[in-house]
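Let the hints inform the model, and build the full structure from the sequences given.
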Amino acid sequence: MSPDPTLLDDLEWRGLIAHSTDLGALREALRERSVRFYVGFDPTAPSLHLGNLVQILTARRLQNAGHTPYALVGGATGMIGDPRDSGERTLNSLDTVKEWVERVRRQIEPFLSFEGDNAATMVNNYDWTASLSTIDFLRDIGKHFPVNRMLARDVVKSRLEAGISYTEFSYVLLQSMDFLSLYRDHGVTLQFGGSDQWGNLTGGVELIRRSDGGKAHAFATPLIAKADGTKYGKTEGGALWLDPEMMSPYSFLQFWLNVEDEKVGELLRIFTFFSRDEIEEIEARHAEKPFLRAGQRALAEHVTTLVHGAEETERIQAASAALFGGGDLRGLSAGTLGAALREAGSVTVDSSGGIPGVVDLLVQTGLSKSKGEARRTIGEGGAYLNNTRIDDPEQVPTAADLIGGAWLVLRRGKKNFAGVEVR
RNA sequence: GGCAGGUUGCCCGAGCGGCCAAUGGGAGCGGACUGUAAAUCCGUCGGCUUUGCCUUCGAAGGUUCGAAUCCUUCACCUGCCA
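Here the first sequence stands for residues 784 to 1206, numbered as in the numbering used here.
Calculated directly from the structure, the hints in this document are not laboratory data. Built from N, CA and C at the ideal position, the CB exists for glycine as well. Please note that a few of the clues may not be correct.
[To be verified] Straight-line C-alpha distance at most 25 Å; calculated SDA-like pairs for lysine to any residue: (1) 1198 with 1156; (2) 940 with 881; (3) 1009 with 867; (4) 881 with 844; (5) 998 with 881; (6) 881 with 1072; (7) 1197 with 1172; (8) 1154 with 1172; (9) 1009 with 930; (10) 1072 with 1197; (11) 1154 with 1169; (12) 1152 with 1116; (13) 1009 with 844; (14) 881 with 896; (15) 998 with 1072; (16) 881 with 899; (17) 1197 with 1076; (18) 926 with 905; (19) 926 with 916; (20) 1009 with 998; (21) 1046 with 1056; (22) 1009 with 798.
[As the list claims (entries may be wrong)] Label pairs and their calculated CB-CB ranges: (23) 1118 with 1028: 24 to 30 Å; (24) 873 with 1135: 44 to 50 Å; (25) 917 with 1107: 55 to 61 Å; (26) 1118 with 869: 32 to 38 Å; (27) 1009 with 1063: 21 to 27 Å; (28) 1172 with 1116: 21 to 27 Å; (29) 1187 with 1005: 19 to 25 Å; (30) 798 with 1119: 38 to 44 Å; (31) 1198 with 1049: 21 to 27 Å; (32) 806 with 1172: 53 to 59 Å; (33) 1187 with 1027: 24 to 30 Å.
Printed below as a string of structure tokens:
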């Protein structure tokens, strides 16, 4: 099968190419044959997140177009940690890294095809790094890295004042070596990654040229940021995790549903497999009647389905519709409401000693972190029981408040719901 | 190894013996306005058995009626010198 010649145009249109080495040469290569490419993921956490999803989906786009993916999980680089502005990383233990490597690998696999002519391959850079001797490393790899150039890199420059260890400083050598190794052993000639990886990507291209006289390509995908330039994912403990244990599918869907208007088009292009025509049609519909949030809905449904599956997506869409429907909660059947609340997050409470007060319930459901915070929220008029504002922090729900004889619906602010099942 | 400076709440950053749970900004959170958007305005932002109490200002000791603020030791960071 010959590769899809429109691939690069599509990637460009989607805004997926923020930086690149010789784009003309890459275009030519991608038209000629099935290019073996690689993208790496470091196990710095038990789960991948939103930023990694860009790479995963881009890898799949390339594979769909006929190219051959090598997905690398960084068992070695994960031991080192790439430098970031916020400062030196804490090293993780070998056991931790090993466990995370496995988890990350399992998260990537469903997105790629491991069959056919251009079947994907999973690789781990620990395999070719662990046994390398220091002398070989310094002679064969280190010799090709001018320190003056390494110092000029932004991440390094910004860290010079605050301090950067030799370990993190050397990270670029490891990642470059990965590219070289895959180039030699598997004929991999293209690497891409997030734009924060640009220095590491070009490091590999350059190493291949200097050491083997080879020609390789690299491009970087854009950073995903909010319309005002700040990072996404301040809620839910810092990041938008793909692991349903770390971020519930319900919250995941809610995230996409809440995306700013200005970002909808961009995110549709990056995170969905809708065609150009489909996306332009959605954007037009959205521009005409933004209050219908057609863009957000399409985006949320598509991405959540990709990550959590169609069945789960349907369930949580129903849950969202029930909770945000605006109608009277009592109009819902206990079954529908219970199902919705279980998706949104719920706790079970034993009423033999009486139903707890609203402050305790806010804490138990996780809507408030502490009783003080719960009281504060009530004082600010931001706490609701069954969609009715709670005025009195001493309020204790009664049997009459139970919907369908079992459920209490608590809400903090406009869109944080939680259920309490009273037994 | 020496000398100097630093370590404050999620982040930045004031405070330099009582008026400090600790100024200010950002983030976060809630309200109003909206469309589960954005912008704007207002409020809030350690914990609790909440008109008071408890635990915080790198760690441990000490001085004092009283310390984030003074002293000692230790740890870490930055700079200069060796």
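Structure-based check of each hint:
1. 1198 with 1156: Status holds; Cα separation ~17 Å.
2. 940 with 881: 31 Å, violated
3. 1009 with 867: 20 Å, holds
4. 881 with 844: 28 Å, violated
5. 998 with 881: 33 Å, violated
6. 881 with 1072: Cα-Cα ~49 Å, so violated.
7. 1197 with 1172: 11 Å, holds
8. 1154 with 1172: Roughly 17 Å separates the two Cα atoms, so the pair holds.
9. 1009 with 930: 35 Å, violated
10. 1072 with 1197: It holds: about 22 Å lies between the C-alpha atoms, which stays within 25 Å.
11. 1154 with 1169: 20 Å, holds
12. 1152 with 1116: 30 Å, violated
13. 1009 with 844: 24 Å, holds
14. 881 with 896: Holds, because 24 Å separates the two Cα atoms, which is no more than 25 Å.
15. 998 with 1072: With a Cα-Cα distance of about 49 Å, the restraint between residue 998 and residue 1072 is violated, given a limit of 25 Å.
16. 881 with 899: 29 Å, violated
17. 1197 with 1076: 17 Å, holds
18. 926 with 905: 29 Å, violated
19. 926 with 916: Roughly 15 Å separates the two Cα atoms, so the pair holds.
20. 1009 with 998: 36 Å, violated
21. 1046 with 1056: 17 Å, holds
22. 1009 with 798: Given that 25 Å is the threshold and the Cα spacing comes to 15 Å, the pair holds.
23. 1118 with 1028: 24 to 30 Å: 26 Å, holds
24. 873 with 1135: 44 to 50 Å: 46 Å, holds
25. 917 with 1107: 55 to 61 Å: Roughly 59 Å apart at Cβ, these two residues keep to the hinted range, so it holds.
26. 1118 with 869: 32 to 38 Å: Because 47 Å falls outside the window, the suggested range is violated.
27. 1009 with 1063: 21 to 27 Å: 23 Å, holds
28. 1172 with 1116: 21 to 27 Å: Since the Cβ atoms of residue 1172 and residue 1116 sit about 25 Å apart, the hinted range of 21 to 27 Å holds.
29. 1187 with 1005: 19 to 25 Å: 47 Å, violated
30. 798 with 1119: 38 to 44 Å: 40 Å, holds
31. 1198 with 1049: 21 to 27 Å: 23 Å, holds
32. 806 with 1172: 53 to 59 Å: At roughly 57 Å between Cβ atoms, residue 1172 and residue 806 fall inside 53 to 59 Å, so the hint holds.
33. 1187 with 1027: 24 to 30 Å: 27 Å Cβ-Cβ, so the 24 to 30 Å window holds.
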